[in-house]
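Undergrad: Residue numbers (our numbering), protein chains in the order written: chain A, 1 to 246; chain B, 1 to 246; chain C, 1 to 246; chain D, 1 to 246; chain E, 1 to 246; chain F, 1 to 246.
By construction, these hints were calculated from the structure, which means they are not laboratory data. A portion of the hints provided could be inaccurate.
Since copy identity is lost for identical chains, a pair holds within one copy or between any two.
Below, computed lysine to aspartate or glutamate pairings styled on EDC-like, alpha-carbon distance capped at 20 Å [unchecked claim]: (1) K158 with E193; (2) K159 with E169; (3) K231 with D150; (4) K166 with D151; (5) K166 with E118; (6) K221 with E118.
Since the structure is predicted, the reported quantities are computational estimates derived from the model, not experimental observations.
6 protein chains.
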Amino acid sequence: MRILVVNPNTTASMTTLIEGAAQSVANPATAILARTSRMGPVSIEGYYDEAFAVPGLLKEIAEGEAAGADAAIIACFDDTGLDAARAMASIPVLGICEAAVATAALVAQRFSIVTTLERSIMPVKGLVHRYGMAERATVRAADIPVLSLDDPSSGSLKKLRAEIEKALEIDAAEAIVLGCAGMADLARHLQEEYGVPVIDGVSAAVKLAENLVTLGLKTSKRGAYAAPLAKPYLGILSPFAPRPLE
Amino acid sequence: MRILVVNPNTTASMTTLIEGAAQSVANPATAILARTSRMGPVSIEGYYDEAFAVPGLLKEIAEGEAAGADAAIIACFDDTGLDAARAMASIPVLGICEAAVATAALVAQRFSIVTTLERSIMPVKGLVHRYGMAERATVRAADIPVLSLDDPSSGSLKKLRAEIEKALEIDAAEAIVLGCAGMADLARHLQEEYGVPVIDGVSAAVKLAENLVTLGLKTSKRGAYAAPLAKPYLGILSPFAPRPLE
Amino acid sequence: MRILVVNPNTTASMTTLIEGAAQSVANPATAILARTSRMGPVSIEGYYDEAFAVPGLLKEIAEGEAAGADAAIIACFDDTGLDAARAMASIPVLGICEAAVATAALVAQRFSIVTTLERSIMPVKGLVHRYGMAERATVRAADIPVLSLDDPSSGSLKKLRAEIEKALEIDAAEAIVLGCAGMADLARHLQEEYGVPVIDGVSAAVKLAENLVTLGLKTSKRGAYAAPLAKPYLGILSPFAPRPLE
Amino acid sequence: MRILVVNPNTTASMTTLIEGAAQSVANPATAILARTSRMGPVSIEGYYDEAFAVPGLLKEIAEGEAAGADAAIIACFDDTGLDAARAMASIPVLGICEAAVATAALVAQRFSIVTTLERSIMPVKGLVHRYGMAERATVRAADIPVLSLDDPSSGSLKKLRAEIEKALEIDAAEAIVLGCAGMADLARHLQEEYGVPVIDGVSAAVKLAENLVTLGLKTSKRGAYAAPLAKPYLGILSPFAPRPLE
Amino acid sequence: MRILVVNPNTTASMTTLIEGAAQSVANPATAILARTSRMGPVSIEGYYDEAFAVPGLLKEIAEGEAAGADAAIIACFDDTGLDAARAMASIPVLGICEAAVATAALVAQRFSIVTTLERSIMPVKGLVHRYGMAERATVRAADIPVLSLDDPSSGSLKKLRAEIEKALEIDAAEAIVLGCAGMADLARHLQEEYGVPVIDGVSAAVKLAENLVTLGLKTSKRGAYAAPLAKPYLGILSPFAPRPLE
Amino acid sequence: MRILVVNPNTTASMTTLIEGAAQSVANPATAILARTSRMGPVSIEGYYDEAFAVPGLLKEIAEGEAAGADAAIIACFDDTGLDAARAMASIPVLGICEAAVATAALVAQRFSIVTTLERSIMPVKGLVHRYGMAERATVRAADIPVLSLDDPSSGSLKKLRAEIEKALEIDAAEAIVLGCAGMADLARHLQEEYGVPVIDGVSAAVKLAENLVTLGLKTSKRGAYAAPLAKPYLGILSPFAPRPLE
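Please work from the sequences and hints to get the whole structure.
TA: Structure, rendered in structure tokens:
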């Protein structure tokens with residue numbers, strides 16, 4: 001089984017981190033194919049960055065599917081481009097926010113999501129609402145830029161810890177969801193430290209992707225995710241239409 | 001006052017229709033600047049088309065703002081790219097679905113939205129939910145391709161009428177919202193025919209855009225729509241970043 | 001175009017303030033007809049005052065419609081009598097709470113409403129819920145009597161500012177809605193002061209009323225707002241039935 | 001114990017019917033004081049009629065409280081004026097819609113409400129939502145004018161039966177709520193006929209009113225139902241302010 | 001009329017307290033039959049205790065119905081086994097949480113529930129949501145073990161008071177619901193002390209049970225509460241099936 | 001890895017079917033330990049059967065955990081006893097309804113659940129609501145007794161197919177969830193037949209259980225699922241308390 005994991009931002013070091021988290025939980029028979037988008041912003045912080053990350057992301061998924069991937073993961077906590085990818089691809093596609101909250105819901109009644117920047121709170125709340133967890137999840141921001149996470153001198157880990165502690169105390173959170181792909185390597189350690197489940201979306205998504213492949217489940221092509229209709233595209237964005245459209 | 005109206009699909013004839021609807025309701029002192037996106041699909045039918053329409057749309061809004069527009073309208077009922085545009089622009093931005101349901105809510109307690117294709121029902125329901133009207137609005141599809149709307153021989157108008165009649169009878173709709181920018185010229189006629197309010201999103205959005213300009217209201221830059229952070233962009237998508245990013 | 005603005009309390013000085021706010025945003029071709037109710041309480045603070053304000057309010061709207069008004073606005077943030085007015089009148093009718101939250105939703109994802117007295121919090125929350133904004137709006141009270149607002153010595157403005165600051169800090173509000181018609185003159189100044197959109201319902205309602213008239217939209221008479229049935233009325237409340245009832 | 005039951009329409013024959021239903025379920029030690037409003041419409045069918053029924057209703061409740069009533073019931077399924085009455089009175093006040101749905105919820109998971117006219121569906125749905133039963137209750141109208149209910153030749157009972165049968169078949173209703181005070185005498189018979197619980201709001205409200213009195217519970221005067229503030233009233237509506245206002 | 005009140009934990013002293021509260025509000029013609037479960041935990045604190053309390057509880061209700069009870073009350077604030085009891089019994093069955101929140105809703109717009117242990121907050125919130133009061137009720141825990149309530153030296157009453165004070169100040173509660181059957185004797189005193197309605201579920205349930213009996217209402221056997229189907233049971237749990245199953 | 005799968009009804013042939021479905025999707029390194037409850041009803045059809053199935057179910061889980069199981073699955077679509085099991089056990093516990101809807105949500109925007117009997121519709125709707133899918137899932141019953149599913153002459157499969165076809169046509173379902181553990185062997189075949197994803201909860205739960213074990217996630221013991229407190233139990237239900245209680 002081959003699971004494609006696309007980092008939709010264009011920072012390769014973050015892909016490395018994501019790939020490591022994915023590998024560490026994958027089944028022995030699963031190959032993780034980690035890819036960095038080749039178009040768009042170096043980090044995704046808010047709606048504008050998301051918009052420009054989507055075409056490059058879709059290109060990677062289209063190419064990955066053509067190369068034989070069995071499922072795809074979008075490794076950004078905003079679930080950037082998830083609906084478009086599901087409509088485009090024949091293989092199942094997962095977002096890491098969706099995967100994380102679906103997994104958290106299995107081990108806790110209420111939990112808190114700690115994301116990076118204030119500006120991401122409302123987008124993530126929108127996702128949480130859509131995934132049916134609005135009454136169970138609180139969303140917090142630790143005020144840390146995405147790319148600062150792997151810089152030990154940035155103080156980001158300290159800020160993250162402080163926000164987790166607020167979640168435990170103020171929200172009475174029973175579990176913590178890490179709200180950024182760049183935190184994928186921190187979950188196990190924080191779980192030990194705080195004694196509550198700490199969920200990383202990349203790992204959660206790898207397991208759910210394996211599930212769907214094993215269960216023989218693909219995105220329904222009836223209704224919202226019907227395959228794109230064949231039609232002309234103008235300008236620079238047309239070439240990477242992923243496959244002969246129906 | 002200058003109101004930019006962007007047709008995010010790349011079909012100029014549809015822009016002409018949209019421009020006509022916009023002009024017909026604009027204040028005398030308002031100039032309607034209608035623009036057709038120069039990149040992306042010829043019609044927007046589902047999530048995949050949406051994704052590829054956004055960069056071209058944002059480019060038009062960025063250029064329109066630079067050229068002095070006071071507000072911008074995204075003339076596609078999926079409210080394609082609305083969040084990204086709000087984050088990017090300093091001027092207020094409106095989607096026609098949002099405008100239509102906000103207006104319908106002022107003249108009816110429950111109403112039905114008649115959109116084009118089955119695949120658009122769930123995306124539009126998602127918007128309706130987000131705009132707070134999930135308990136008041138029913139979403140229906142008339143099974144008509146977007147570009148068939150101006151082809152009298154297509155039978156599309158007949159199908160649209162049939163679906164409106166179902167909405168009145170089955171949903172007990174008190175008003176009808178036309179769920180496609182390509183229907184913008186039909187509202188007045190259908191309103192007379194059926195004796196209930198019929199709302200077109202393009203017209204509704206023009207009036208709301210004028211309102212925001214007159215009231216001196218712009219998108220809040222605090223929170224979800226904070227201005228994009230300056231950062232490198234890779235690949236073909238970088239050039240049209242709209243303005244010196246903060 | 002003639003827009004009737006009814007102050008449903010019986011304090012003429014407040015009508016003057018409301019009229020000023022309305023005039024300042026109206027289109028050049030719009031005449032603002034400001035009226036003070038001639039029956040009922042001098043201010044509306046809670047459900048009981050509301051109940052006694054409704055008949056006088058309906059009388060003004062009925063007379064205004066007979067005199068040629070094209071739309072009517074109820075200038076009390078409780079949207080007192082809005083449903084009855086919509087059923088009674090042929091012209092569109094707007095409440096200022098409804099107008100304010102519909103407008104705020106176009107420029108902010110979450111916002112806070114600052115109203116006058118604690119006792120108004122639950123009524124306003126009820127309205128906010130009905131208008132579909134329960135998950136986006138927080139309601140606060142500044143503990144200021146309605147009629148104190150134009151008394152500089154009352155300290156009311158200071159209390160209002162303190163509550164706005166709490167909204168920004170605690171609620172992470174992206175915009176502020178002023179929750180009383182008596183605050184209509186404060187919006188622009190507070191917007192400059194705090195650097196976020198500040199919305200006044202009277203101004204918002206004037207623009208929405210103009211919209212409906214221009215768009216040719218009236219309250220649907222199908223369903224909830226069907227015209228009142230002709231029937232006998234006993235006692236003092238009968239004379240001002242607004243028009244030959246069907 | 002004295003329970004005031006106010007018919008807020010001005011049709012005395014309907015009060016007689018309501019009184020009978022109230023008497024039939026009251027405790028031996030409870031005196032039912034049935035009153036007909038002396039101001040307003042002969043029947044309440046929609047928001048407009050409601051508005052004009054409220055002052056007369058409040059007058060009856062104020063006088064009833066002054067005369068020693070321990071609790072009051074508003075015998076109209078629209079729960080006309082309930083909030084104002086709760087704010088005004090020291091004694092507890094109940095609406096029959098609220099009472100009926102609270103009671104139905106104790107014997108069925110989902111139920112249907114059959115009211116009179118189409119125009120009442122949305123107002124009743126609004127109440128049902130407020131009372132927390134939106135996901136459990138369906139609202140239907142039998143298309144019968146309120147005052148036709150005691151006219152055997154009107155065919156109203158036949159229409160009511162037909163609608164109950166639809167509720168059982170289409171809604172899978174486990175119980176039926178009769179959605180008009182004028183149906184108060186029909187519950188027992190229909191319950192036998194259909195073999196499911198049939199709830200009448202007048203009876204339900206009498207029992208709940210007795211409960212509150214016995215339990216020593218009165219409307220909280222903290223928050224939404226704080227006692228009205230003393231203030232001048234203009235015009236004909238002032239005289240019946242119920243008690244020395246605080 | 002005979003009302004069965006079952007204490008589903010196996011602590012007889014708590015049954016005595018519950019019986020006293022029930023007696024104090026029952027109608028003169030009502031006989032309170034208080035029973036202590038003979039199987040299961042000595043107190044119910046969380047889901048696990050609930051599960052083991054249900055069979056003993058159902059046995060008491062089955063025997064009580066066979067002995068002529070007209071209605072049954074489950075005197076534990078978790079409404080332990082309520083659905084199973086409703087399906088099993090022909091007589092109406094009430095839970096004290098359901099009864100308390102239904103009663104509180106008649107005298108306050110928003111209220112707070114103060115229960116015993118932190119672990120009970122989410123179960124009680126689940127009930128509150130189901131009963132339609134999620135937007136009106138806040139749930140708090142005073143951190144007091146159930147069986148400490150009648151031990152004056154435990155400090156439990158002091159903790160309960162502290163939590164009520166937080167509810168009034170922080171939640172702006174208009175009324176207080178006591179969230180444990182073991183607090184049944186405290187309501188009247190606390191109501192006097194704090195000047196807001198304080199609701200005890202045992203008392204509330206007795207009155208509602210009387211209501212249902214007087215109104216001739218029983219649990220609907222159509223749908224969710226259809227009578228259990230006759231079928232073999234294995235092991236120790238079979239003997240007390242309450243009646244010849246259909 | 002050892003996954004315990006408990007059939008909470010006492011029919012061993014159904015356990016065999018469940019075990020087969022579980023085995024067919026388990027990882028090579030996973031051992032499926034299928035157990036049949038030794039106490040309670042032969043099938044679970046409604047709340048009453050659920051109540052009597054819980055103690056036997058908990059006993060199996062307690063013994064399974066003691067014997068080294070890494071996770072447990074409750075193989076009944078009512079998710080019978082799930083909360084109690086989560087509180088009791090240290091290992092993660094999954095319900096098959098929860099697993100099925102969480103999985104369906106990854107491949108479809110809206111889906112329908114087809115369960116067995118009418119009486120199960122409301123319990124399943126309650127679960128769906130709790131799992132956050134109330135707006136995305138429709139619940140239907142095929143009117144087939146649980147134990148008829150493996151009897152080819154019963155006509156049950158035909159009824160199930162008819163209900164699936166209604167779901168596709170009337171609900172516009174994009175996927176189908178099979179709402180009974182007894183249907184676990186039918187998913188693949190029906191998926192091929194209807195061309196939409198068909199989800200079986202047993203298979204879905206096995207994969208999610210493997211996920212949690214691999215990810216090192218266990219039920220949070222903070223809050224709702226805190227370990228049971230040590231306390232005396234009376235009567236026959238005490239012996240199988242699963243482990244030294246804290």
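Undergrad: Of the numbered hints stated previously, which ones are contradicted by the structure, given in increasing order?
TA: 4
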